[in-house]
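Chains as they are written, first to last, in our numbering: chain A, 1 to 73; chain B, 1 to 216.
None of these hints come from the bench; they were simulated from the model.
Note that the structure is a prediction, hence the values are computed from the model and not measured.
Mixed in with the good hints, there may be bad ones.
Claimed, not checked - Computed list of lysine-lysine pairs in DSBU-like fashion (alpha-carbon distance at most 35 Å, straight line):
#1 A:K29 with B:K114
#2 B:K140 with A:K29
#3 B:K17 with A:K51
#4 B:K214 with B:K140
#5 B:K172 with A:K63
#6 B:K207 with B:K115
#7 A:K58 with B:K215
#8 B:K99 with A:K22
#9 A:K51 with B:K69
#10 A:K9 with B:K214
#11 A:K63 with B:K17
#12 B:K140 with A:K58
#13 B:K201 with B:K17
#14 A:K9 with B:K99
#15 A:K58 with B:K69
#16 B:K215 with A:K9
#17 B:K110 with A:K51
#18 B:K115 with A:K51
#19 A:K22 with B:K69
What the hints assert, rightly or not - Restraint-style ranges between C-beta atoms, simulated for each label pair:
#20 B:G203 with A:K58: 26 to 34 Å
#21 B:N71 with A:T65: 31 to 39 Å
#22 B:T168 with A:K58: 33 to 41 Å
Heads up, the beta-carbon is just placed ideally off N, CA and C, and yes, glycines get one too.
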Amino acid sequence: MPCVSPDGKPTKSGMATLSAVKNGALTPKAVSEQTGQPLFKVRSGLRELAKAGLVEQKDENYKLTPKAEQLLA
Amino acid sequence: MENQEKTEVGLPLIGEKAPDFEAVTTQGTLRLSDFEGSWLVLFSHPADFTPVCTTEFIAFTGIYSELQKRNTELLGLSVDSVSSHIAWVRNVEEKMGVKIPFPIIADLNKEVSKKFGMIHPAQSRTETVRCVFIIDPESKIRTILYYPLTTGRNMKEILRIIDALQTTDEHKVATPANWNVGDPVVVPPPNSTEGAEERIKEGYDCKDWYLCFKKL
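Given these sequences and hints, build the entire structure.
Printed below as a string of structure tokens:
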């Protein structure tokens, strides 16, 4: 379940992941618990979202970029 | 040519850390390390749209919920493309009414197959044989099974092995032949003469000092 479509837009599961991060789920495990997606998919999805410039990773934690904030506004 | 063949049958061994990889799958690009924290059944099949493989995918889907209860994920692999995997998965759903819930690696360049010794040239130079790697939450290889192209796998045995490994980890015991959940387990034998003398008095069901059972 890729989180980003070939056109660069987040998919449904990508949007769910972004919303979870916005709601305070900062680690892959927390996102998995909040969205119900398996941990392996969340880890892979966060990598895709980072490549698309929608999240940033610092250590184990993720945060939304301004681009993602704008998308979710 | 000879060296290339040797590379193709390279095999990580039980107890070793599974080699990490990044691969395109039907559920996005996945790394082996994405599965850390879960048990993983990594398995290869010879090719999409083939009869035995189709029965196996339906059977793997049949045990999927049991695997989830055991904190275990499934990851399939063949040397077909993602488009082929998608078409096959859609066909299985349309014709057989079974939705495949787990990702399948499209290992077109055989990168993962070679790392895990999944191509046995004497059997087929172009297809992976039926391998099963059971990998624990620390990415350590715990079981390796190999089946020829013509023999479909036994799902009950895969579940039984996972139950046995998880029981061993939790209770520090071994499991005897034909063990199933609920059966007595084997107490690890003592490794000293003093331990052997004491073992008989420890209250286990002992046939002798080296063969003792207990119920969990």
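Verification of the hints:
{"no.": "1", "hint": "A:K29 with B:K114", "in the structure": "31 Å, holds"}
{"no.": "2", "hint": "B:K140 with A:K29", "in the structure": "21 Å, holds"}
{"no.": "3", "hint": "B:K17 with A:K51", "in the structure": "28 Å, holds"}
{"no.": "4", "hint": "B:K214 with B:K140", "in the structure": "28 Å, holds"}
{"no.": "5", "hint": "B:K172 with A:K63", "in the structure": "41 Å, violated"}
{"no.": "6", "hint": "B:K207 with B:K115", "in the structure": "43 Å, violated"}
{"no.": "7", "hint": "A:K58 with B:K215", "in the structure": "48 Å, violated"}
{"no.": "8", "hint": "B:K99 with A:K22", "in the structure": "32 Å, holds"}
{"no.": "9", "hint": "A:K51 with B:K69", "in the structure": "33 Å, holds"}
{"no.": "10", "hint": "A:K9 with B:K214", "in the structure": "57 Å, violated"}
{"no.": "11", "hint": "A:K63 with B:K17", "in the structure": "31 Å, holds"}
{"no.": "12", "hint": "B:K140 with A:K58", "in the structure": "27 Å, holds"}
{"no.": "13", "hint": "B:K201 with B:K17", "in the structure": "39 Å, violated"}
{"no.": "14", "hint": "A:K9 with B:K99", "in the structure": "26 Å, holds"}
{"no.": "15", "hint": "A:K58 with B:K69", "in the structure": "32 Å, holds"}
{"no.": "16", "hint": "B:K215 with A:K9", "in the structure": "55 Å, violated"}
{"no.": "17", "hint": "B:K110 with A:K51", "in the structure": "25 Å, holds"}
{"no.": "18", "hint": "B:K115 with A:K51", "in the structure": "27 Å, holds"}
{"no.": "19", "hint": "A:K22 with B:K69", "in the structure": "30 Å, holds"}
{"no.": "20", "hint": "B:G203 with A:K58: 26 to 34 Å", "in the structure": "54 Å, violated"}
{"no.": "21", "hint": "B:N71 with A:T65: 31 to 39 Å", "in the structure": "33 Å, holds"}
{"no.": "22", "hint": "B:T168 with A:K58: 33 to 41 Å", "in the structure": "38 Å, holds"}
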